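**Student:** Residues per chain are reported as follows:
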Amino acid sequence: MKLRNITVIFLKEMLETIRDKRTLMVMVLGPVLVYPILLLAFTQLYTVQEARLQKLRTTVYLREKKEWPELKKALSEEPDLKIVETAESRLKDDAGVLVELDARRAREEERLVPRVMVVYRQTNVYSERGKERVLATLEKYSKEVTRGEVDLRKKERYLHPIIIEEKNLSSRPEQLQSVLAMTLPMILVLMTIAGAMYPAIDTTAGEKERGTIETILASPAGRGEIVYGKFLSVFVICMVTGLLNLAAMSLTFIHILGAFSESIVPFAGVVLVLVSLIPLAVLFSALMMAVSTYARTFREAQNYVTPIYLLCLVPAMMSVQRGFELNDFLCLMPVINMSLLFREVMEGIYRLRHILLVFASTSLYAAAALRGAVKLFRDENALFSLEKPFALFVRRRLLRAKSSPSLGEAVFVCALTFILLYYVSPALEGLWTGASDYVPEVILSEWLLIFLPVVAFAGYLKVDFRNTFSLRACRPVHILAAFLLFGACFFLLLELSVLLRDFLPLPVEFSERISKGVKEEHFWLVVLSMAVSPAVCEETMFRGFLLAGLGKFSRWARILLNGILFGVYHVFFFRIVPTAFLGVVIAFLVVYSRSIFPGMLLHLMNNLAIVVLLRYSEQTTLFLRKIGLGEKAAEWLDGKSHLPWELIAASAGILIVGAAMTWQFRPADRQVGGTNTLAETPLRTFEAFPSQGPEKEEIAKR
Amino acid sequence: MIEVLSLSKYFSDAKQQEIRAVDAVSFECYRGEIFGILGPNGAGKTTLLRLIATILAPTSGTARVCGYDVALQPEQVKKRIAFLSGSTGLYSRLTPLETVRYFGRLYGMADPLIKERARAIFDVLDMEGIRDRQVGKLSTGERQKVSIARVLIHDPEVLILDEPTAGLDIVSGRAVINFIRTARNQNKAVILSTHYMTEAEEMCDRIGLLNAGRLTAVGTTGQLLAASGASSLADAFFYYLDGKQN
Chain A
1 MKLRNITVIF LKEMLETIRD KRTLMVMVLG PVLVYPILLL AFTQLYTVQE
51 ARLQKLRTTV YLREKKEWPE LKKALSEEPD LKIVETAESR LKDDAGVLVE
101 LDARRAREEE RLVPRVMVVY RQTNVYSERG KERVLATLEK YSKEVTRGEV
151 DLRKKERYLH PIIIEEKNLS SRPEQLQSVL AMTLPMILVL MTIAGAMYPA
201 IDTTAGEKER GTIETILASP AGRGEIVYGK FLSVFVICMV TGLLNLAAMS
251 LTFIHILGAF SESIVPFAGV VLVLVSLIPL AVLFSALMMA VSTYARTFRE
301 AQNYVTPIYL LCLVPAMMSV QRGFELNDFL CLMPVINMSL LFREVMEGIY
351 RLRHILLVFA STSLYAAAAL RGAVKLFRDE NALFSLEKPF ALFVRRRLLR
401 AKSSPSLGEA VFVCALTFIL LYYVSPALEG LWTGASDYVP EVILSEWLLI
451 FLPVVAFAGY LKVDFRNTFS LRACRPVHIL AAFLLFGACF FLLLELSVLL
501 RDFLPLPVEF SERISKGVKE EHFWLVVLSM AVSPAVCEET MFRGFLLAGL
551 GKFSRWARIL LNGILFGVYH VFFFRIVPTA FLGVVIAFLV VYSRSIFPGM
601 LLHLMNNLAI VVLLRYSEQT TLFLRKIGLG EKAAEWLDGK SHLPWELIAA
651 SAGILIVGAA MTWQFRPADR QVGGTNTLAE TPLRTFEAFP SQGPEKEEIA
701 KR
Chain B
1 MIEVLSLSKY FSDAKQQEIR AVDAVSFECY RGEIFGILGP NGAGKTTLLR
51 LIATILAPTS GTARVCGYDV ALQPEQVKKR IAFLSGSTGL YSRLTPLETV
101 RYFGRLYGMA DPLIKERARA IFDVLDMEGI RDRQVGKLST GERQKVSIAR
151 VLIHDPEVLI LDEPTAGLDI VSGRAVINFI RTARNQNKAV ILSTHYMTEA
201 EEMCDRIGLL NAGRLTAVGT TGQLLAASGA SSLADAFFYY LDGKQN
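Chains as they are written, first to last, in our numbering: chain A, 1 to 702; chain B, 1 to 246.
By construction, these hints were calculated from the structure, which means they are not laboratory data. Computed from a prediction, not measured in an experiment: that's the story for all the values here. Worth double-checking, as some hints may not be accurate.
To be verified - For lysine-lysine, the following DSS-like pairs were computed, each having C-alpha atoms within a straight-line distance of at most 27 angstroms:
{"id": "1", "chain 1": "B", "residue 1": "K79", "chain 2": "A", "residue 2": "K375"}
{"id": "2", "chain 1": "A", "residue 1": "K65", "chain 2": "A", "residue 2": "K140"}
{"id": "3", "chain 1": "A", "residue 1": "K21", "chain 2": "B", "residue 2": "K79"}
{"id": "4", "chain 1": "B", "residue 1": "K79", "chain 2": "A", "residue 2": "K2"}
{"id": "5", "chain 1": "A", "residue 1": "K82", "chain 2": "A", "residue 2": "K65"}
{"id": "6", "chain 1": "A", "residue 1": "K55", "chain 2": "A", "residue 2": "K143"}
{"id": "7", "chain 1": "B", "residue 1": "K115", "chain 2": "A", "residue 2": "K2"}
If we strip away everything but chain A, and leave its shape as in the complex, we get (with noise of 0.2 angstroms):
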């Protein structure tokens, strides 16, 4: 790789868009223009609610503990308070604001001076407003009272006449501030993540496109060099679209703090955030360049960024979200971690450890991206769009049979069920009632909603079913593998939950939910929709259409892929991450063994401890009494406390022993020409502790 071809082909196309009156206006014109009008609004707004305010009369809670009838009076005569007496000492009201006078020995004097407590919220501007006027009030009594009696011996009173004490219920001190560092991370996170979507795609797609790829790939420069000489301009684009942001916004910030309160962000919160904007815009430079590559032209492109621009939108609100904290997990999370930090450097919160921990995670996953994007720049079937798109609404007689599905067909069908699940499962709840309607509806969702689809395009697309499905014998030994890592995965899961349920707690509806299916029902029908039809199904599509789907990927790829996407597939934070690991694990077992039949039944052993667990968890508890393990062995079950490390690590021993059987013993390669097209096509994954199908999750949601 040599430098200088890199630098010359960065060179170029920074003058290609900067000749480029599209990129400018995403770049410059967006923060430049964006920024002041927010500004602009933001400031008639206030100017509004300003007037608003005016208008409208503050409603004083009186809560008189002494009576100071000259106090009562004053507050009485001004126009804009509406006194309410009150025997109440909390105050109820948002918008109000309570008053409690009270009496108190002033120093060194024998004589009792007003004491006045003022209690409002300051997250409510009605009630902020109202302590303002109530405390003018008070200072024009208080002074009034001065002029109005000069006598030395009672200096003391002239000097206190009242005692004016303040109570803000709003946990937060600076409420705009709180808005302003709650909105702005948001946008520049999705400004500069869309700073990076019009230069990935016009240096890939639009390349393609214009047909100028060949001539450059006919020149000396390396694929690799190639690929780095774009991303840098990318790169350098996206930092100068997040700069000039960030530039805007603490102007902005700056200037709206500056005409209305006190603080302002700290010169170092903004190079902090400005340091971190360096591994999101490689992350997203970088991403948005693998999958532009994919695309023919630029249109296809934009439709493929498109979705993921909008995935972060999310992550990116989170930090509008009030009460989400950043946390050691959030921190491993793109794009939130991003979001979130920028949120409590804005709050002037420095936390050393979430710093680098975000900056770690974010640039793991930006070399990642980066090495995925040289990686499709050197893959002649991505680079010229070879691969044809999946075949859909094609008669089926046209179709030839194949040995296993495409990419785009197995995340089609991924897709597909994933819709039905959603939109459809919600609809079997009344087709059949047992003692619950959870059970029934688990079974008809697993039966019906993802086992038949997938084996109907599967059908359909004419594959080769034993290759697709995997559905060869397996050794023996993998059947005893299968139990090894369920053992070792069962401890490991429920460790794991442990982990993570700090970050991620569990509803109790969920859970709620699940144990009264598995306790109401019929033992074999629980087994039956809890185990038996999550390992059939959910194994023939993941583990089998899916991992075939899968195949034009290396095996860690797939088994990785496979798993992340099994777990995603269960659509709530606190399953991904225990479900994912069960994922590979199975698609590991499945990919090495080429038998879906281990994976199944690792996936059936796991969720029937489960069920088990679930429905006799009395008796279990007596058992373990019983043999001497007693309450703590209940707790580790209930995933209430942490596992002892001798049981984890004996576990990880067993799931590495599980795993170096399983491929030690695997099969012979069969396929000749090398490639793994179709030969270790499925892997399967599990579940990890009270998870099953996704219907489940559909279920709780509702």
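Since the structure of chain A is already known, use the hints to place chain B on it.
**Tutor:** Leaving out everything else, chain B in the frame of chain A:
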């Protein structure tokens, strides 16, 4: 100069069926020779030339350009070739001068040398007037001149031209043909593909007939006519086409 040895390229289509775009093709092209590859659309001409230009990697077999293997030493091959095809577009936001400079730099040339070569090439192609206008604003013929200037900047030993006259009017087409003949006279090896029989007959020293990925015949126009007993190259072409089918 160019030796193509049993070169093959297979693709798989949507139904994962194997398509043999180039199937065990072998031929040589010498210095000072124009070797024409003649074939109908979809015969595999472009894929064959892309393989020689190292843009695609062969499924099996190989080709050597100036003694360098396309699969093993693609960088060395790229330095010595000029590749021009219908799909080698130009960057529309760069000027001809910037285009030529960009590629010159990628070929590792120093800026003064690029300047000198560019001036000479622009002079020959009569492009001085357009050198500072953005390529996007040029006519098709002018753009083809820029493409030619681009491939000549590093003084390549081998020219690989995929339908170089396609879509050009008669004036621009003539300019291209002149440039190809000049290159031959400078003792360069030229491989060009075309589906115009007359162009092939007129320009090429030897012709290879390509059909469905296979080279069905190689020889001078005279040899092809004699062997097939046909009176025109077109007839000879159909003779070999049918021969394969039979």
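**Student:** Now, for every hint given, state plainly whether the structure supports it.
**Tutor:** Right, here's what the structure says about each hint:
Restraint check for K79 (chain B) and K375 (chain A): the C-alpha separation of about 23 angstroms stays at or below 27 angstroms, so the hint holds. A threshold of 27 angstroms between alpha carbons decides the hint, and for K65 (chain A) with K140 (chain A) the separation of about 22 angstroms falls inside it, so the pair holds. At most 27 angstroms may separate the alpha-carbon atoms for a hinted pair to count; K21 (chain A) and K79 (chain B) exceed this at roughly 34 angstroms. Under the criterion of a C-alpha separation no larger than 27 angstroms, the hint pairing K79 (chain B) with K2 (chain A) is consistent with the structure, at around 14 angstroms.
Distance check on the hinted pair: K82 (chain A) and K65 (chain A) sit about 19 angstroms apart at the alpha-carbon level, within 27 angstroms; holds. For the proposed pair K55 (chain A) and K143 (chain A), the alpha carbon gap of about 26 angstroms is at most 27 angstroms, so the pair holds. A hinted pair counts as satisfied when its Cα atoms are at most 27 angstroms apart, and K115 (chain B) with K2 (chain A) qualifies at roughly 22 angstroms.
Hint violations for this structure: number 3 only, all remaining hints satisfied.
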